[in-house]
Amino acid sequence: DVKVTQSSRYLVKRTGEKVFLECVQDMDHENMFWYRQDPGLGLRLIYFSYDVKMKEKGDIPEGYSVSREKKERFSLILESASTNQTSMYLCASSLTWGGVTDTQYFGPGTRLTVL
Amino acid sequence: TQLLEQSPQFLSIQEGENLTVYCNSSSVFSSLQWYRQEPGEGPVLLVTVVTGGEVKKLKRLTFQFGDARKDSSLHITAAQPGDTGLYLCAGVDSGAGSYQLTFGKGTKLSVIP
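Going down the list, the protein sequences come from chains C and U. Convert by adding 1 to the 1-based position in the first sequence; the result is the number in my numbering. Convert by adding 434 to the 1-based position in the second sequence; the result is the number in my numbering.
To be clear, the hints were calculated from the coordinates, so they are not data collected in a lab. Among the hints, erroneous ones may be present.
Straight line, CA to CA, 30 Å or less: simulated DSS-like cross-link-like pairs of lysine-lysine [to be verified]: (1) C:K14 to C:K72; (2) U:K542 to C:K4; (3) U:K542 to C:K14; (4) C:K58 to U:K504; (5) C:K19 to C:K54; (6) C:K14 to C:K58; (7) C:K71 to C:K19; (8) C:K56 to C:K19; (9) U:K493 to U:K504; (10) C:K71 to C:K56; (11) C:K14 to C:K4; (12) C:K4 to U:K493; (13) C:K56 to U:K491; (14) U:K491 to U:K542; (15) C:K4 to C:K58; (16) C:K19 to C:K4; (17) C:K71 to C:K58; (18) U:K493 to C:K56; (19) U:K491 to C:K58; (20) U:K493 to U:K542.
Label pairs and their computed distance ranges (CB to CB) [unchecked claim]: (21) U:N458 to C:F21: 32 to 40 Å; (22) C:E31 to U:P473: 26 to 34 Å; (23) C:L116 to U:Y456: 34 to 42 Å; (24) U:K493 to C:G41: 29 to 37 Å; (25) C:V53 to U:R494: 22 to 30 Å; (26) U:V489 to C:G64: 40 to 48 Å; (27) C:Y51 to U:S461: 20 to 28 Å; (28) U:I447 to C:P40: 19 to 27 Å; (29) C:K72 to U:F444: 38 to 46 Å; (30) U:T511 to C:S83: 20 to 28 Å; (31) C:E18 to U:E475: 21 to 29 Å.
To list a few chain U residues with every Cβ distance to chain C over 10 Å, as calculated [to be verified]: (32) L453; (33) E475; (34) K490; (35) H509; (36) T511; (37) G516; (38) K539; (39) V545.
Where is the CB? At the ideal position from N, CA and C, for every residue including glycine.
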């Protein structure tokens, strides 16, 4: 079974802090994704990566950056957290990207609260 | 940006009842996926439908892709409390030189014992 793990299930930070969210997958997948999920807005793609050190902006990249130094690990960074970044953050990985039957495997999510 | 509208947004039913959830768009999709997300967990893929008019069954769940590949439905027969969760549809658009996966906002289902 594919396993995607996220470093924290719950996180509370203060405005202005630098926040790191870590994601690790154990299936040698090329592609990794970061989403945020908000009530009434659904899942929105922040960034994705199709290879080590490669990244592409998603629909809402403002205020975020990412890092992928190793194939299995994809980090989301909030340089200076703000209250409007309070959300559920979901990491996903997939073996292929660009096909009609691609499957994304999601982690359990990190619920981040910024005070 | 393609949009996927899911309805209803919330659904609360008694155990044993049947229900249908809809996913509609004005855009054509290459395929459509359905995910279920249980409280405190990430979404898990249930099915992918690719061909217009395609029907797939997964035990008590029946998924249909519209003939024009713009809409899809999920029908649950004899719902059980274990079906409780957020159901998300996601449309895949893999046109030449581009690829996009768009999620609907979800239908939150509660099945009461």
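Results for each hint:
1. C:K14 to C:K72: holds, 28 Å
2. U:K542 to C:K4: holds, 25 Å
3. U:K542 to C:K14: holds, 29 Å
4. C:K58 to U:K504: At roughly 26 Å apart (the allowed maximum being 30 Å), K504 of chain U and K58 of chain C satisfy the hint.
5. C:K19 to C:K54: Roughly 21 Å separates the two Cα atoms, so the pair holds.
6. C:K14 to C:K58: Roughly 24 Å separates the two Cα atoms, so the pair holds.
7. C:K71 to C:K19: holds, 21 Å
8. C:K56 to C:K19: OK: K56 of chain C and K19 of chain C at ~20 Å, within 30 Å.
9. U:K493 to U:K504: The given pair, whose Cα atoms are some 25 Å apart, holds under the 30 Å limit.
10. C:K71 to C:K56: holds, 13 Å
11. C:K14 to C:K4: holds, 27 Å
12. C:K4 to U:K493: OK: K4 of chain C and K493 of chain U at ~25 Å, within 30 Å.
13. C:K56 to U:K491: violated, 37 Å
14. U:K491 to U:K542: holds, 21 Å
15. C:K4 to C:K58: Cα-Cα ~24 Å, so holds.
16. C:K19 to C:K4: Distance of about 27 Å is within 30 Å: holds.
17. C:K71 to C:K58: holds, 19 Å
18. U:K493 to C:K56: violated, 39 Å
19. U:K491 to C:K58: violated, 36 Å
20. U:K493 to U:K542: holds, 20 Å
21. U:N458 to C:F21: 32 to 40 Å: Given about 39 Å between the Cβ atoms, the range holds.
22. C:E31 to U:P473: 26 to 34 Å: Given range 26 to 34 Å: holds, Cβ gap about 30 Å.
23. C:L116 to U:Y456: 34 to 42 Å: Hint holds: Cβ distance 39 Å, inside 34 to 42 Å.
24. U:K493 to C:G41: 29 to 37 Å: About 30 Å separates the Cβ atoms of K493 of chain U and G41 of chain C, which means 29 to 37 Å holds.
25. C:V53 to U:R494: 22 to 30 Å: This hint is violated: roughly 42 Å between Cβ atoms.
26. U:V489 to C:G64: 40 to 48 Å: Holds, since V489 of chain U and G64 of chain C (Cβ atoms, about 43 Å apart) stay within the stated range.
27. C:Y51 to U:S461: 20 to 28 Å: Holds: the Cβ-Cβ distance is about 24 Å, inside 20 to 28 Å.
28. U:I447 to C:P40: 19 to 27 Å: holds, 21 Å
29. C:K72 to U:F444: 38 to 46 Å: The hinted range 38 to 46 Å holds for K72 of chain C and F444 of chain U, with Cβ atoms some 40 Å apart.
30. U:T511 to C:S83: 20 to 28 Å: violated, 46 Å
31. C:E18 to U:E475: 21 to 29 Å: holds, 27 Å
32. L453: holds, 20 Å
33. E475: violated, 5 Å
34. K490: The claim stands: K490 of chain U keeps its Cβ more than 10 Å from every Cβ of chain C (closest is about 12 Å).
35. H509: Consistent with the label, H509 of chain U stays out of reach of chain C, its closest Cβ about 22 Å off (over 10 Å).
36. T511: At about 25 Å from chain C, T511 of chain U clears the 10 Å cut-off, so the statement holds.
37. G516: Fine: 18 Å to the nearest Cβ keeps G516 of chain U off the interface.
38. K539: Label violated. Min Cβ-Cβ 4 Å, cutoff 10 Å.
39. V545: Nearest chain C Cβ is 20 Å from V545 of chain U, so the label holds.
Hints 13, 18, 19, 25, 30, 33, 38, counting from the list given before, are not met by this structure.
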